[in-house]
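The residues making up each chain are set out below.
4 protein chains.
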Amino acid sequence: MSSDHLNVALLGQRFMGRAHSNAWRQAPQFFDLAVRPVLHTIAGRDAASLEEFGARWGWQNTTTDWSTIAADPAVQLVDIGTPNDVHEAPAIAMLEAGKHVACEKPLSATLDSARRMRDAAAKAAGKTFVWFNYRRCPAVALMHELVQEGRIGEVLHVRGAYLQSWGGPDTPMLWRFDKSRAGSGAHGDLNAHIVDMARFVTGQEVARVHGGVAETFVKERAAADGSKHASTVDDVVVFLATFTGGATASFEASRLAHGHHNRNTLEVNGTKGSVRFDFEDMNVLHFIDGTEDARLRGWRRIMCTDAEHHPYASAWWPDAHVIGYEHGFTNMVADICSVLGGGEPRVPLPDFADAFETQVVLEAALESAASGAAVDVDSLR
Amino acid sequence: MSSDHLNVALLGQRFMGRAHSNAWRQAPQFFDLAVRPVLHTIAGRDAASLEEFGARWGWQNTTTDWSTIAADPAVQLVDIGTPNDVHEAPAIAMLEAGKHVACEKPLSATLDSARRMRDAAAKAAGKTFVWFNYRRCPAVALMHELVQEGRIGEVLHVRGAYLQSWGGPDTPMLWRFDKSRAGSGAHGDLNAHIVDMARFVTGQEVARVHGGVAETFVKERAAADGSKHASTVDDVVVFLATFTGGATASFEASRLAHGHHNRNTLEVNGTKGSVRFDFEDMNVLHFIDGTEDARLRGWRRIMCTDAEHHPYASAWWPDAHVIGYEHGFTNMVADICSVLGGGEPRVPLPDFADAFETQVVLEAALESAASGAAVDVDSLR
Amino acid sequence: MSSDHLNVALLGQRFMGRAHSNAWRQAPQFFDLAVRPVLHTIAGRDAASLEEFGARWGWQNTTTDWSTIAADPAVQLVDIGTPNDVHEAPAIAMLEAGKHVACEKPLSATLDSARRMRDAAAKAAGKTFVWFNYRRCPAVALMHELVQEGRIGEVLHVRGAYLQSWGGPDTPMLWRFDKSRAGSGAHGDLNAHIVDMARFVTGQEVARVHGGVAETFVKERAAADGSKHASTVDDVVVFLATFTGGATASFEASRLAHGHHNRNTLEVNGTKGSVRFDFEDMNVLHFIDGTEDARLRGWRRIMCTDAEHHPYASAWWPDAHVIGYEHGFTNMVADICSVLGGGEPRVPLPDFADAFETQVVLEAALESAASGAAVDVDSLR
Amino acid sequence: MSSDHLNVALLGQRFMGRAHSNAWRQAPQFFDLAVRPVLHTIAGRDAASLEEFGARWGWQNTTTDWSTIAADPAVQLVDIGTPNDVHEAPAIAMLEAGKHVACEKPLSATLDSARRMRDAAAKAAGKTFVWFNYRRCPAVALMHELVQEGRIGEVLHVRGAYLQSWGGPDTPMLWRFDKSRAGSGAHGDLNAHIVDMARFVTGQEVARVHGGVAETFVKERAAADGSKHASTVDDVVVFLATFTGGATASFEASRLAHGHHNRNTLEVNGTKGSVRFDFEDMNVLHFIDGTEDARLRGWRRIMCTDAEHHPYASAWWPDAHVIGYEHGFTNMVADICSVLGGGEPRVPLPDFADAFETQVVLEAALESAASGAAVDVDSLR
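Chains as they are written, first to last, in my numbering: chain P, 10 to 390; chain R, 10 to 390; chain U, 10 to 390; chain E, 10 to 390.
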């Protein structure tokens with residue numbers, strides 16, 4: 010094991026397993042990395058498909074028992090891409106084994122579990138990372154930069170909505186619809202992203218949640234074998250909040266919004282201007298400088314692909330040869346490798362403590378929805 | 010006074026005075042009306058400008074004392090376009106004098122006042138109308154039709170936002186910023202419209218408000234003479250609600266959202282599809298039929314100017330010769346004249362009882378924002 | 010007849026008759042005019058409908074013989090809204106009678122006829138105007154200002170397209186499909202507008218046409234009585250040109266472009282930036298300043314409704330209370346009245362000499378399409 | 010060398026070298042391929058950078074002399090990503106050596122050269138492919154399918170424009186600006202793509218070119234060392250055409266269009282509907298079915314990411330997890346491997362004979378621009 014390599018083990022071989030495998034594999038082609046990731050071990054429960062998956066993506070070893078990885082000194086970083094209820098156990102085991110951990114979001118299926126993970130990270134030698142991949146869309150990273158530079162002034166109003174339409178009654182039963190495994194539905198899956206993005210872009214924490222609604226409109230689903238199961242997670246969750254700096258915020262998540270496929274949107278209105286992002290047109294940031302002459306003032310459609318000026322753009326293709334969903338993950342691998350090589354990430358990386366802050370907001374929203382009363386986020390930390 | 014004429018008196022000569030004058034004047038050119046409006050009397054406080062205003066718009070008489078209108082048997086309908094705190098007194102006086110009343114929105118500056126107006130209307134012989142003019146944008150009227158026909162199925166999620174950007178600290182003191190006159194700021198001005206539109210389009214009432222935030226970010230403004238005044242109304246109000254049919258709703262109003270001029274938007278997601286409207290592109294309705302084959306399914310951009318199919322379009326210009334803001338008012342005059350001539354409006358017209366339902370929702374939102382607790386709308390009726 | 014009034018006679022009571030009547034009637038409400046138009050006489054061939062039309066729009070007199078208007082000393086301006094083959098005779102007669110003439114576009118059905126009109130205007134005491142109404146959309150007027158100020162630098166590339174979809178085989182026979190009456194189809198109807206707009210915005214003339222295609226895809230149409238008639242005009246005409254300043258240009262017109270209702274678009278690319286207009290979103294101008302930092306550079310969506318800064322906006326409604334198709338006509342009446350009152354128009358008004366320049370370009374395009382060879386526009390003047 | 014592997018050699022290590030390396034490397038991860046590409050040899054002129062490039066992308070061998078590849082029996086397919094004037098020699102050599110050849114577009118720098126390549130391909134045992142990568146954007150592939158299914162009826166009007174803005178006077182001298190190397194500028198680079206796409210989508214050939222304009226606005230550029238060089242290629246080329254089925258077409262290419270980065274657009278209007286593509290929003294196809302009821306008819310924004318229905322989507326990510334520029338290349342590798350494995354491509358692949366048809370159209374356009382006369386494409390074949 011050379012000091013400029015990073016041996017990675019990955020837990021999970023489904024959607025996130027593919028997305029992460031691709032990112033670890035692609036980052037060295039496009040970035041000059043201080044440490045070069047090696048696809049060391051892939052862990053998955055289904056031995057039958059695991060061999061094929063490992064071979065396809067170039068993983069050197071496979072295992073159906075992730076606990077063996079903790080014991081393997083060769084592995085330096087463990088990437089957790091399993092369902093939400095299988096985050097805590099491996100994360101804490103790997104941290105205790107001295108490894109770095111990169112965990113899928115949300116941090117865990119419950120707040121208590123997430124708190125334990127945060128606390129374990131605080132005591133561990135390894136670094137932690139959480140896959141809030143949208144931070145590393147160039148347009149979102151630029152949004153962060155502009156707000157932090159003060160280009161929209163003081164933040165007044167944040168509007169996040171993450172809308173999808175795949176969760177109708179015909180969609181079969183999956184772990185994502187089982188509250189005991191997923192923790193929540195649209196809330197942990199989608200609101201987690203927009204809360205993280207809002208915290209990242211504004212640089213502020215949520216102080217208070219002012220009411221929420223969480224609805225389970227689809228109450229039963231059929232599994233592949235035709236058996237019926239209760240669908241126990243939320244389909245739609247909306248809530249209001251106030252940031253520490255005084256800004257008002259609304260967050261909306263839905264898996265039942267026809268016309269929206271992966272509509273992850275965030276808008277921030279400030280005293281001097283506004284910024285707006287929509288993942289369905291992910292290479293673009295909309296910005297308006299409210300201090301300009303009204304004659305020529307207007308939303309600017311900024312194609313965030315300029316190698317010289319836009320985050321991550323120099324790694325990829327010439328101007329406006331647009332990138333896609335997967336590139337956010339690859340950009341994150343590049344930043345993880347930068348940090349583990351002693352450098353800086355292109356934009357700040359969330360660790361477990363940071364991701365806990367998102368999770369506590371999500372919990373406050375559910376508590377407010379259940380009680381009908383406003384909730385101080387601090388009371389749940 | 011011929012039986013096929015309608016003698017109208019108008020109170021107010023500012024923005025709404027112009028918009029209403031134009032509508033009363035234009036409707037007979039474009040529509041074949043059962044009763045033809047006559048611009049009988051204009052009332053305003055500023056005698057100096059009133060003569061010029063009356064002459065310009067063709068009002069036959071002017072008065073600085075609206076109470077004389079109540080006593081004038083020639084006047085059949087009184088149109089109230091004054092600030093919110095000058096709605097109740099003339100409305101009740103005119104109803105008691107047996108006249109029809111068309112009142113600007115919101116119904117009044119306070120819920121108690123609005124309730125008195127509703128009750129007066131219930132006892133009066135005259136008909137009442139409230140100028141929720143956006144109902145009569147062809148695209149909004151079509152949205153109403155599609156939802157009522159069941160084309161989006163059962164309503165699940167309503168998302169209304171009315172965003173403007175004119176209310177920054179440089180905007181001088183106006184009656185609109187004085188709570189004692191306006192009742193509220195963005196809330197009564199903007200949320201009033203989207204709550205009305207949401208009720209109109211879904212055909213449902215709001216059952217419960219689940220939290221809200223009302224912020225006054227700009228606390229002081231200078232008048233034209235340089236004197237400083239407290240700006241006492243809200244700039245931003247957001248709240249959540251549940252409709253009687255179970256749908257979740259969010260409403261957001263802001264006068265501090267750079268990049269938005271008159272962004273009056275409403276989206277409704279149902280079990281079978283979605284509809285979406287944005288006043289900044291007011292001739293267009295977006296619709297998706299979620300039951301169609303995914304291969305060809307997508308948001309449809311419907312230009313609502315087809316004479317044969319789209320509400321009000323046959324009155325105006327050939328296909329896609331788009332109309333503007335003022336035409337909603339003219340369409341409403343046409344519908345008022347239709348009703349007073351014994352016919353039907355093109356789409357339902359709101360009366361005082363209907364407008365009270367919008368106002369009670371606005372009040373519930375403020376109460377929820379103040380208390381931090383959910384509010385049953387019924388408790389305020 | 011007071012010296013501050015302008016007695017107007019209008020020829021035509023169809024689509025343009027309505028649009029012009031409305032404009033003459035509305036302009037004094039919204040603008041402070043040096044001369045105030047009086048709707049003196051309406052002329053039309055169909056006596057049965059003429060009375061109703063005149064009464065509806067407030068015309069004081071009606072006539073089925075336009076030649077009587079030439080002899081009426083009370084009429085000061087004659088507005089010609091008849092089919093293209095009925096422009097020349099009344100225009101020349103009215104000019105010879107000393108009247109001002111405002112004529113619909115294109116100037117005439119043939120170039121020879123247009124030339125005679127231009128020459129008559131040159132000798133006449135009255136002023137001439139041509140209803141290229143789109144110049145007076147605020148967004149197009151702003152486009153003109155920005156290019157004339159040099160904000161996009163030297164003009165390199167002009168792209169005009171005017172696309173509609175109403176001209177399919179099911180559309181019944183009209184005068185617009187009869188070449189002997191209309192002169193041409195999409196070309197004179199639609200290309201006329203974009204050629205005028207391109208000349209207006211760039212401030213340059215077309216020097217040379219470099220090829221064209223004119224197609225009649227629909228060759229027969231049924232009249233209302235079921236009889237079949239040859240449809241003899243073009244449905245689609247495209248051509249290329251070079252402007253006197255060296256810019257390349259393309260122009261496309263179609264009545265057979267599904268998805269486009271009234272898609273009148275113009276884009277101009279210059280050495281320093283670009284501007285773009287689309288009538289289907291008529292209140293908006295898109296502008297990019299190519300000299301700005303690439304980090305924040307992008308198309309700006311300028312809502313052209315700012316009273317202080319945007320052409321004509323102060324006459325209408327508050328910011329972003331958008332206007333429609335008809336307002337271009339009303340703005341033009343205001344400018345005509347300004348000029349006849351001794352003032353300046355808000356933006357330059359086209360007269361017969363100016364409109365002849367557009368028509369000679371259209372003729373060069375047809376000649377180039379027929380011959381397959383490039384044509385110097387000068388050879389046709 | 011196993012029969013289910015495909016040993017590939019690549020010529021070129023610049024922009025296209027990276028894009029092709031990535032595609033050969035990525036295709037097996039996402040597609041189940043009948044033959045699996047092996048990155049056998051990379052050839053480039055700059056030995057210094059070649060080693061690093063080869064190592065980064067996993068090429069097993071490197072050479073600075075491409076002719077050695079012709080002699081290497083292990084290499085089965087040669088991929089040519091060099092400048093346009095270095096297409097013919099290697100292509101013919103490799104075909105004569107019995108190898109398959111995949112060549113970048115345009116086929117060559119001159120028509121004569123392209124004709125020789127076409128003829129060599131006709132006699133060769135190996136298969137040929139040309140990297141018109143945009144055919145394999147899912148939205149363009151769907152556009153092709155819809156038109157071929159007759160969903161827009163008979164094709165009437167084709168409108169292609171490929172606009173960029175990187176070619177201003179500050180851009181340094183490159184081979185792309187030297188006519189002796191590139192053959193042409195925007196024309197061969199950009200019009201080549203939209204002509205290919207138009208031919209692909211319509212399934213028709215261009216019969217006649219009706220005029221064109223080719224302009225070199227920037228006549229001199231500085232090299233990196235400060236030396237001045239004549240910029241001898243076109244910056245803007247526009248031309249008109251007629252397809253064999255009678256449709257009218259316009260094509261526009263520019264590298265001087267501020268506001269456009271990689272605006273590769275194609276619209277096709279037919280008797281029953283229209284389709285429209287814009288690469289800057291590459292995951293979306295716009296479609297309108299003109300036969301539907303006008304009440305609900307409108308452009309549909311189809312997100313082409315549905316695994317079940319949209320071309321290539323099943324290989325990538327879940328619905329609306331959008332893909333980018335590079336994926337068109339990877340999709341093409343998958344299709345090449347499919348064909349070489351004895352299967353069918355997902356959508357038709359262009360070979361040298363097909364690419365020659367595009368090149369002959371480009372030549373006809375330049376000839377028409379030079380002569381000012383229409384040109385029958387057949388005269389140049």
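None of these hints come from the bench; they were simulated from the model. As the structure is a computational prediction, the values presented were derived from the model and not from experiment. Don't take every hint at face value.
Computed, partial: chain R to chain U, Cβ under 8 Å [as the list claims (entries may be wrong)]:
id : residue
1  : Phe24
2  : Leu42
3  : Asn70
4  : Pro181
5  : Trp184
6  : His270
7  : Thr274
8  : Glu289
9  : Leu305
10 : Trp308
11 : Val331
12 : Glu335
Built from N, CA and C at the ideal position, the CB exists for glycine as well.
Verification of the hints:
1. Phe24: Hint on Phe24/R: holds, closest Cβ of chain U at ~6 Å, below 8 Å.
2. Leu42: The hint is violated - Leu42/R has no Cβ within 8 Å of chain U, the shortest such distance being about 11 Å.
3. Asn70: violated, 18 Å
4. Pro181: violated, 14 Å
5. Trp184: violated, 15 Å
6. His270: holds, 3 Å
7. Thr274: violated, 13 Å
8. Glu289: holds, 6 Å
9. Leu305: Constraint on Leu305/R not satisfied, violated at 14 Å.
10. Trp308: violated, 14 Å
11. Val331: holds, 5 Å
12. Glu335: holds, 7 Å
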